[in-house]
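Q: Below are the chains, spelled out letter by letter.
Number of protein chains: 2
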Amino acid sequence: MPPRSLRIEPLPGYAPTIGRLVGMLTYARHTTLAAVEGLSMAELDHLHDDTSNSIGALLAHLAVVERGYQCMTFEDRAPTVVERASWEPALTLGPEGRRVLRGKPLEHYLHELGEVRRLTLEALATRDDAWLEQSLSAAPAMNAHWAWFHVAEDEINHRGQMRWLRARLARRA
Amino acid sequence: MPPRSLRIEPLPGYAPTIGRLVGMLTYARHTTLAAVEGLSMAELDHLHDDTSNSIGALLAHLAVVERGYQCMTFEDRAPTVVERASWEPALTLGPEGRRVLRGKPLEHYLHELGEVRRLTLEALATRDDAWLEQSLSAAPAMNAHWAWFHVAEDEINHRGQMRWLRARLARRA
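Those protein sequences? They're chains B and S, same order as listed. Numbering of the first sequence is given in the numbering used here, commencing with residue 19 and proceeding in unit increments. Numbering of the second sequence is given in the numbering used here, commencing with residue 19 and proceeding in unit increments.
The hints are simulated quantities; they were obtained by calculation from the structure and are not laboratory data. Every value quoted in this text rests on a predicted model; they were computed, and no experiment measured them. Treat the hints with care, as some may be off.
[To be verified] Derived list of chain S stretches under chain B, where covered just means 3 residues or more per stretch with a C-beta under 8 Å from a C-beta of chain B:
hint, segment
1, 135 to 143
2, 156 to 164
[Unchecked claim] A few chain B residues facing chain S, derived, Cβ under 10 Å:
hint, residue
3, Ser23
4, Thr35
5, Asp67
6, Thr144
7, Glu151
8, His168
9, Met180
10, Arg181
[What the hints assert, rightly or not] Short derived list, chain B residues pointing at chain S, Cβ under 10 Å:
hint, residue
11, Glu27
12, Ala157
13, Ala162
14, Trp164
15, Phe167
16, Ala170
17, Ile174
18, Gln179
19, Trp182
20, Arg186
Glycine residues also receive a C-beta, built at the ideal position from the N, C-alpha and C atoms.
Please construct the entire structure, taking both the sequences and the accompanying hints into account.
A: Structure representation (structure tokens):
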């Protein structure tokens, strides 16, 4: 991992406001990676109680949420029924997620997250700050800046849960 | 509560980049208030397990973290030893927080949060976007924009935990 930056500012290769947003997305991702570093498959699959999502399922969730907002913002459309179906159950989490989102090593989740993020950063690098402020045709109450803030915000929310769950994993040992 | 905005954009009364940041802080706060709406004192004080922080303690934490960053950014100084002592144990959480941060109704926490936030918004309204990008003299690796992003980020992290804890409160009934 590159060193964590404690600055939000324009970044080379991006429009100024987009660069600040990329700084937030990158910082959030850095903390997620730190929260899951070194977890075994058993730890990623562990269910704290009968309504908990595993840490692995939460990582899978982050990747599909980001794919969804790629459609909404870069392709200016709602996800199709087929796309949504392929993202379930990571999108919804819950019982089906507990059943099927398991048996994968950390590298699997990190690869998924990295691939999705690569496409996000490539697309953001080609946009300007006026684009960032535009309303989404698939969700007119929302603008692209909120959508990408929300991707970071959803990740941070679940990172808080991952930290909580990870602290209880350690006590099982 | 005012209606939740799904736009990040310049806001009246603030410099453009500061306005976008205020939009993020406000959205995060909106979701925190929704996460704790209607909780009783017993629910705010409930400890899920012997290392959990109560939802009330997490709310108290948000207010003192914001006070700390007010010192660092608006007053350009680290908190004093006396200030830090007055913010403990909400700042550190843990055993002492479990012991003393209890017995307060939701209104107490919401009043604290509201008062601190009022001062934050008043101060941000008097700054410009060049200020937002400056390094903090009390923490030169950090700029003011990161500091206020981090206040939102810490709140969102703990909101994720509040949602998780609240879902388990319901099941006790």
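Q: For the hint on alanine 170/B, does the least C-beta distance to chain S fall short of 10 Å?
A: holds, 8 Å
Q: Return the status of the interface hint for arginine 181/B: holds when the least beta-carbon distance to chain S is below 10 Å, violated otherwise.
A: holds, 7 Å
Q: Go check the segment 156 to 164 of chain S versus chain B for me, would you? Three or more residues, Cβ under 8 Å, otherwise it fails.
A: holds (count 6)
Q: Could you check if threonine 144/B really has its C-beta closer than 10 Å to a C-beta on chain S?
A: violated, 20 Å
Q: Hint check: is the beta carbon of glutamate 151/B less than 10 Å from a beta carbon of chain S?
A: Hint holds; glutamate 151/B Cβ to chain S Cβ min 5 Å, cut 10 Å.
Q: Go through the hint on aspartate 67/B and say holds or violated, using the shortest Cβ distance to chain S against 10 Å.
A: holds, 8 Å
Q: Close enough to count: is the Cβ of tryptophan 164/B nearer than 10 Å to one in chain S?
A: This interface hint holds because 5 Å falls under the 10 Å limit.
Q: Does histidine 168/B pass the interface hint, meaning its C-beta sits closer than 10 Å to a C-beta of chain S?
A: holds, 8 Å
Q: Can you verify the interface hint for serine 23/B: is its Cβ closer than 10 Å to any Cβ in chain S?
A: Status holds, d = 8 Å.
Q: Restraint: phenylalanine 167/B near chain S, CB-CB cut 10 Å. Satisfied or not?
A: holds, 5 Å
Q: Is the interface hint for alanine 157/B satisfied, with its Cβ closer than 10 Å to some Cβ of chain S?
A: Hint holds; alanine 157/B Cβ to chain S Cβ min 8 Å, cut 10 Å.
Q: A closest beta-carbon separation below 10 Å is what the hint needs, so does threonine 35/B meet it against chain S?
A: Constraint on threonine 35/B satisfied, holds at 7 Å.
Comparing the model with each numbered hint stated earlier shows that hints 1, 6 do not hold.
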